Amino acid sequence: MNKTKLGSLLLPLAITALLVGCSNDNNSRSNATDNPAPAPDPVTMGFEITVTNLTHNQPLSPVAIVAHDSALHGWVVGEPSSAGLELLAEGGDNSEFRMELEDSGGFASMSAEAPLGPGASESLSLEFAEQEEVLLTIATMLVNTNDAFSGITRIDVSSLAVGDSLQRLAPIYDAGTEFNSELVGTIPGPADGGEGFNVEREDVNFVSRHPGVVSRADGYAESTLDQSHRFDQTAMLLSITRIE
Amino acid sequence: MKIKSILGTLALAAMATGVQAQTTSVVVTNLTHGIYFTPLLVSAHVDEFHLFEVGSGASPELQMMAEGGDISGLAAAASAMGAVNMETMGLLAPGSSVDIEAFDTGSNGFLSITAMLLPTNDGFVGLDAWEIPTEPGSYTLYLNAYDAGTEANNELVVEGSGAPFVAGIPASPDGNGGVGGTGVTSEEVNQLIHIHRGNVGDTDPDAGNSDLDARIHRWLNPVAKVVVTVQ
Numbered sequence: 026m027n028k029t030k031l032g033s034l035l036l037p038l039a040i041t042a043l044l045v046g047c048s049n050d051n052n053s054r055s056n057a058t059d060n061p062a063p064a065p066d067p068v069t070m071g072f073e074i075t076v077t078n079l080t081h082n083q084p085l086s087p088v089a090i091v092a093h094d095s096a097l098h099g100w101v102v103g104e105p106s107s108a109g110l111e112l113l114a115e116g117g118d119n120s121e122f123r124m125e126l127e128d129s130g131g132f133a134s135m136s137a138e139a140p141l142g143p144g145a146s147e148s149l150s151l152e153f154a155e156q157e158e159v160l161l162t163i164a165t166m167l168v169n170t171n172d173a174f175s176g177i178t179r180i181d182v183s184s185l186a187v188g189d190s191l192q193r194l195a196p197i198y199d200a201g202t203e204f205n206s207e208l209v210g211t212i213p214g215p216a217d218g219g220e221g222f223n224v225e226r227e228d229v230n231f232v233s234r235h236p237g238v239v240s241r242a243d244g245y246a247e248s249t250l251d252q253s254h255r256f257d258q259t260a261m262l263l264s265i266t267r268i269e
Numbered sequence: 050m051k052i053k054s055i056l057g058t059l060a061l062a063a064m065a066t067g068v069q070a071q072t073t074s075v076v077v078t079n080l081t082h083g084i085y086f087t088p089l090l091v092s093a094h095v096d097e098f099h100l101f102e103v104g105s106g107a108s109p110e111l112q113m114m115a116e117g118g119d120i121s122g123l124a125a126a127a128s129a130m131g132a133v134n135m136e137t138m139g140l141l142a143p144g145s146s147v148d149i150e151a152f153d154t155g156s157n158g159f160l161s162i163t164a165m166l167l168p169t170n171d172g173f174v175g176l177d178a179w180e181i182p183t184e185p186g187s188y189t190l191y192l193n194a195y196d197a198g199t200e201a202n203n204e205l206v207v208e209g210s211g212a213p214f215v216a217g218i219p220a221s222p223d224g225n226g227g228v229g230g231t232g233v234t235s236e237e238v239n240q241l242i243h244i245h246r247g248n249v250g251d252t253d254p255d256a257g258n259s260d261l262d263a264r265i266h267r268w269l270n271p272v273a274k275v276v277v278t279v280q
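Order-wise, the sequence lines are chains H and R.
At position 164 of the first sequence the residue is numbered 189 (the working numbering), and the sequence of numbers has no breaks.
At position 128 of the second sequence the residue is numbered 177 (the working numbering), and the sequence of numbers has no breaks.
Extracted from the complex, chain H is given alone in its bound form (with noise of 0.2 Å):
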């Protein structure tokens, strides 16, 4: 499998080669002609994801990236979550959840480094050896829920030029393994500082589109949320260019 798809890779990256010599180095184009082409460096994909947070007073956990081809998924609506999935979804702890993805056969992963809070954003890049399929799955938790996350799985970008980017809305999930009690001591976030992962599963255990959240502003007097936690459908703005 992986050596047919090295075999495949190897004519576009011959052409790219050739491509770049041209437009680059006017000068050795001559020299590149006359000569046989050396065997060509292996080239490298880089993307730039820059996030923004776009709820009102639901900080993001680090936010993870995942680089993959199409076999791989982060989550499907309607089947269970992974194990890593529901770490961070409860959690915040990205972990396990790319090393789910890297050891299913993604190619890179990062996590950034710190929390996002509302209103803010930030950069990330992610880099590695060109592939032909090149789908991208980004996640985080809203922290100040039971076991809502954020993110988008399988963004092609294979097709994306150097300096082309695109843009996405991020939806928001409910990773289906915790119950959305809202009661103290269940949220890890700042809003309650309770627990995060547990591995009991005592939701429906599938994944879907978030309900949203009640808070006590909505007549949910237990409830450990107030009226500047809730949202609607998205919680993030992506801008993904391809840098290299």
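Hint data in this document are derived by calculation from the structure and do not stem from the laboratory.
Computed from a prediction, not measured in an experiment: that's the story for all the values here.
Ideal placement from N, C-alpha and C gives every residue a C-beta, glycine not left out.
Be careful, since some hints might not be right.
What the hints assert, rightly or not - Quick look at which bits of chain R chain H covers, simulated, 3 or more residues with Cβ under 8 Å:
1) 80-88
2) 139-145
3) 259-269
Following the hints, position chain R against chain H.
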């Protein structure tokens, strides 16, 4: 103007394919956390027909669907206009998908979908006359929840309230519905088809305003994903 240009398109398409017939498949996924869809009506029809139109009043047939999940009236109305209909069986649970394969839409170039949302008074998921592309490929659509505007959203579970003009929610299929609510409202201010404002619910299963659970029976749009594959 519009009709003319469509006739032109139809004539060209007919010439190109010889026989005017188009096979598609339609996959509908319930994206919600806790809302069920009643059996879906998936209808391929001509441009002049609508199962519903946002901003307009609901037909009696749409009211039957939105308040009680009964799609027979809409299906008959569509058939009378030459539509090809597919109907799914049973409830589509949260997170579930239904796959309608080998749907021969014939010469009908527009696709509409409706199903009631449970538990709601008269909420429904809908697609209104989406033009089916002639180019083969997969097309993804996201659908919103609408309010038929025909019944006040009192959020009380009342047996038999699926019939038109009987206020209430006919059933809460997940078993998380409560009892003893006093009613969220008895008014329906906007009586035209509009974007549903969502269930309110409460967290008291035996009292409160609503028989619904605010933690379980709310949603944010979109409520459905539809993938249409044109062969």
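For a quick check of understanding: which of the numbered hints are violated here, in increasing order? The structure breaks none of the hints.
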